[in-house]
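Colleague: Okay, here's what each chain looks like letter by letter:
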Amino acid sequence: MRFLGSALVSFLVLAGKVLTKSSSGDSVLVLLDPSLSRANYSIFFGGLEQQGYDLTFRAPKHASPAIAEYGVPNYSHVILFTPDTKSYAPDVTPQSLVGLLSENTNLLIALSPRQTPLTSLATEFSLILPPPGTPLLSHHPKRPEPANVIPVSVSESPILTPDTNPVWFSGVPHALGNSPYLVPILRAPSESFAADSTDDSGSGTILSASDKGGEGFWAGSHIGLVTGFQTTKNSRAVFAGGVELFSDEYAKKALPSGQRSGNAQFARDVAAWVFQETLTLRIDRTEHHRVNETAAPEMYTINDQIVYTAYISAYDRKTSSWKPYSGITDMQLEFTMLDPHVRIALPPVSGEPGKYEVQFRAPDRHGVFKLVVGWRRKGYSFLHTTTTVPVVPLRHDQYPRFLSAAWPYYAGAISTSVGFFLFSALWLAGDVKGEKKNLKGVKSE
Amino acid sequence: MIPRITFHLSWLVIAAGVHAATLSLQSPRVTISSSDATQLLSDTLPSIKRPEPLTLGASDILKLTFQVTENGEGKGVQPHQTFLRFYDSVSGEEGIQPVRVTPGGKAKFELNMARPPASLPPTTDRPLAVSLILGSFVHDPAKYDLFDLYVPTSSTPAPHPDEASFHVLPPIVHTFRPEQKLPPKVVSIVFAALVLSPWAILLGLWGKIGLSVPHLVSPRILPFTALLGAFEVLLVRYWVGLKLGQVLLYGGILAIPTIFAGKTALATTGEWRAGKH
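Note that the protein sequences, when read in sequence, are chains D and V.
Residue 325 in UniProt numbering sits at position 325 of the first sequence; the count goes up by one each step and never skips.
Residue 93 in UniProt numbering sits at position 93 of the second sequence; the count goes up by one each step and never skips.
With the rest of the complex left out, here is chain V:
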C-alpha cells in the first residue's frame, strides 16, 4: 500500500506544474523522394490539414521535419509524447509511430516504403489520415491533422485458424450428377416396331396356311396351357411390381399343378402322335 501512495503522490506533484504553456509546431516540411534520390515533392505544411492527399510509391521515401516549440516562440522543447498516427477511418486500422525529437525540439521522421515500419497499419486503396500527437507532463497536449497519405496496398496478415468460424461462411451447393439422358421416344418406338415386325410375317404366313387347333379345349390339354399362361402373367406381374420372394412363392405353388398337368398333356399328345387314337 505504501508504494502505491507514493506513486500517486509523485503524479500529483507533477500534475501541479502541468499546463504551464502550449506546444506548437514550427516549420513542418514534408519531402517525398524516389529510391534514386530524385525529389518528387517538397512542401511546407499549412497549419490546418493539407487539402490534397500525398501519394507514396512502393520504393519512395517520405521525410517529415518539424520543430516543437513552446508558445510558438523559438525555444524548442522535447515533449514526452511525439507520435505520428496513421489511421484508416473505414477499417479502423491504426498505427502509432513515435518520432525522435532532439532536446532542442527538432524532429525528423523518415518513412521508407521499401522497408515499411511495423507500426504502419495494413493498408488498402484508401488513404491513411496522418496526424501528429504531442503530449507532455508540463505543457498542454496538442494534436495536428497533417495530411492524407496514399501508400501501396499491403498484404493481409494471416488470420487465426479459427477466425473463419466467426464469420458467415460462403454457401456450398452440391453439384448433382446430371439426370440420365434418354433417346427420343420416336427412336424407341421405331426400334420396338422393328423388334415386333417378325410377328407380322409370322401371322401373315399363318393366315396363308391356316391353323387348326382341334384339341385346344380338350380337358387334358387346356389346364397345362392355362398354367403356362399363368406363369407368363406371374412374370409380367413381377416386372410391374412384385418382389422376388413373392414370385418364387407363387411360382412354387404354380409349379406343382403344372408338373402334373404337363405330364398328362404331354402323354396325351404323345399318344396322338403315335397314332394310338
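Chain D with its partners taken away, still in its complex shape:
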C-alpha cells in the first residue's frame, strides 16, 4: 500500500513536470517593491507568463501569500525585485531564502547601491559588494546618458544566446569571491568602476578607497554585474546588480551605436537559466556488470573486467521534456575505496544518445569500492552518482591449478601414491617363497 502510494506520488510529480515549462515547476512568486511600477517590467513578466509560468505578485511587507508553509516552499521560483526594501514580512529573511534554495527553489534577486538585507545575503554567496551608496560608473564610451547608465557588452556564455546585443545596466557591481559555485553571467566593462562621487573632485576618494587594498576598490572587467550561483542541490540563484536591467525602459532604449539593446533577450536568458530551463542535466540510471555478461553481479573478484554505463538526459525547454544527451565529453568515472584507485574518462557511446560507457579492470585490492561519477561544470547542473560494489579476492579453488613450477612436487606426490598402491598390491598378491620354505623345513624337521 505504501509502495503504491509513493508510486502514485512520483507519477503525479512526473506528470506535473511534463506539463511545465521549467524542469522544476512553473509557479513563480514575485516580490515587487511598491516603488517599482509593474507596467515598467511588462516585457519581462509578460514573457514569463506567455511561456506558461504562473506569476503571483506580492509586496515585500505583505504576509500572504507565504513563500513557504511548514518548511515546504509554496513556489518553484521566487523573484525578489526589491532592491531598495529594507524591511520585509517575517517570512522573508536571508535564512529563509537560503532554506528555499536547499528545498530546490530558485531565486532571482535584484540588488541596488542601498544597504538592504539582500546585500548581506549576497555576501553569503561569496559576492563582495562595495560600501553602500557606490554605484557603478563609467565615462566610456562617450554618450549622452549619465555616467551610471552604462552599456555593457555581453561576453560569450553557454547561458546566453550567442551575439546578444550590449545591455544597459545601472546599479551596483560586486567582486567575485573564489567560490567555484559562482557562475559569472555579466561582467563590468574594463573602464568602469564603483564610486560615490558626482563630479571630478571625487577622484581623491577613489584613490583613498584603492589604498585600503583588499576589496577596497571595485573596478575593471573582473567585477561582476549579474552573477549566478548553483548550489550542490542544483537549485540556482542569480544576483543582478540593478533591477532596471529587466525594465521595459532599458529594453526599448537604443544603444549609443543605434542598435536595439539586448536587455529583453538577456533578461529572458537569465530567467531561463535560473528557472532551470537551460543547461539542466540529470543522470537517469547507471548500470555495471562483468564484460560479456548483462546482469550486475553481487560482487566482483579482483582483476575482473567491469563495464560501467550511465544514461544522461538534458531538459529540452522547447518540448518541456527530458531528452537523451550525449554532449558531455569530459566526464570521468572513479573507482574509489577511501581514495580513487582508478579514474578514467567516461565517454559517450556514438550512435546511442545519452549513453556513456567504459570498461576497466578492477584493481587487485579487495574491499568495498564505490563507482563514482561526479561532473561539475560552471553553469550546468551538477551530476553525481555513487554505486557501492564489493570486490573480493580469489576463492581457494579459483587460483591456477597446474603450475609448471610445481611439476617436481606433482611427480613426488603421484610417485608416493602409485608406490603405495603398487606396494599394497604386491604385498597382498605376492607369495613369500622363502618364508614358506622355511616353515615347511621346520615342519619337516
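Please note that a few of the clues may not be correct.
[Said to hold, decoys possible] Straight-line C-alpha distance at most 25 Å; calculated SDA-like pairs for lysine to any residue: (1) Lys75/V with Ser201/D; (2) Lys243/V with Ile414/D; (3) Lys208/V with Gly419/D; (4) Lys106/V with Thr198/D; (5) Lys142/D with Ser24/V; (6) Lys181/V with Phe191/V; (7) Lys233/D with Gly71/D; (8) Lys355/D with Pro324/D; (9) Lys378/D with Pro159/V.
Calculated directly from the structure, the hints in this document are not laboratory data.
Starting from the structure of chain D, add chain V where the hints point.
Modeller: For chain V alone, coordinates are given in the frame of chain D:
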C-alpha cells in the same frame, strides 16, 4: 521614490555639461631604476603604443610621470578617473590601479616590484599590456595604450578547495602487482625427472629378481586392491576439479566396502603367511 528621482536629476544636470573638451596626455615619461637607484631606462613615451616592451626585474622600480591637460594645451586638469590598466590578453587577468593626479594635472606613478601592489594581476612569462584610462564628468573620456611590460612571474593564488572538481582531473591508473614469475619449464622437467628417477632403479632391480603375483586376481584380494585404487583415483579427481565436500562424501561411501574388503584380504594373507594353506 523621491530620493531616486533627485539622484537621477543630479546626474542629468551634470550630463548637460559633459563633453565640453577632450583630455590629453602631456610629456609622458617612463623610468626604470634598480633597487640601488641606478637608472636602467629613461624614455619619453610616444603618442601611440611603444613598439618594444619594457622589462622589470624582481627588485626594479618603474616610474611613470605625465600631465593631463585640456585640449592638449598647457592648462592641467584633474580628471575623475585616472586608472592604469594591466591586462594579460591570454589569461584575461586584469588589474586596475588608480593614479594620484594633482589639481594641476600632474601625475606620478611608481611600481616597486619588491612590494608589488595588490592591483597587479597574477603574472606569467607573458607581458602585461599597460594602458591609461581617463574619464571625467566634464570632458570626453580617453584611453591610451602605453606599452607592454614584462614583470617577474607571480605565485599563483590558492584556489578554493572545491575548485578542482570543476575541471577534468588527472587520470589515475592502478598499479597492479606483477604476474607471478615461474622458472623455465626445462628446470621443472629436469627436477620432475630427478624425482621420478628412483622408479627406474626400482623397476630395474625388480626386473632382475623377478616378480610373482599369484594371488592378484584372487577374489579375496582383488576387491581390496581395486578399492585402494579407487581411493587413489578419487584423490586425483579432487586435485583436478572436485570440491572437499564431494571428496569427503565419496570417500566415506568408499570407506565402508574398503573396511570389509581390507579385513577379508588381510585375514587371507595372514592365513597364507602363517602357512595354514
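Colleague: Is the Cα-Cα distance between Lys355/D and Pro324/D 25 Å or less?
Modeller: holds (8 Å)
Colleague: Would you mind confirming whether the straight-line C-alpha gap from Lys181/V to Phe191/V stays at or under 25 Å?
Modeller: holds (18 Å)
Colleague: Between Lys378/D and Pro159/V, does the CA-CA distance stay at or below 25 Å?
Modeller: holds (15 Å)
Colleague: Within a Cα-Cα threshold of 25 Å, do Lys233/D and Gly71/D meet the stated pairing?
Modeller: Answer holds: Lys233/D to Gly71/D is near 17 Å, not above 25 Å.
Colleague: Regarding the pair Lys142/D and Ser24/V, is the alpha-carbon distance no greater than 25 Å?
Modeller: holds (15 Å)
Colleague: For the pair supplied as a hint, Lys243/V and Ile414/D, confirm whether the alpha-carbon distance does not exceed 25 Å.
Modeller: holds (19 Å)
Colleague: Please work out if Lys208/V and Gly419/D have their alpha carbons no farther apart than 25 Å.
Modeller: The given pair, whose Cα atoms are some 19 Å apart, holds under the 25 Å limit.
Colleague: Below or equal to 25 Å on CA atoms is what counts here, so check Lys75/V against Ser201/D.
Modeller: Given that 25 Å is the threshold and the Cα spacing comes to 17 Å, the pair holds.
Colleague: Check whether the Cα positions of Lys106/V and Thr198/D lie no farther apart than 25 Å.
Modeller: Cα-Cα ~22 Å, so holds.
Consistency with the previously given hints is maintained throughout, with no hint failing.
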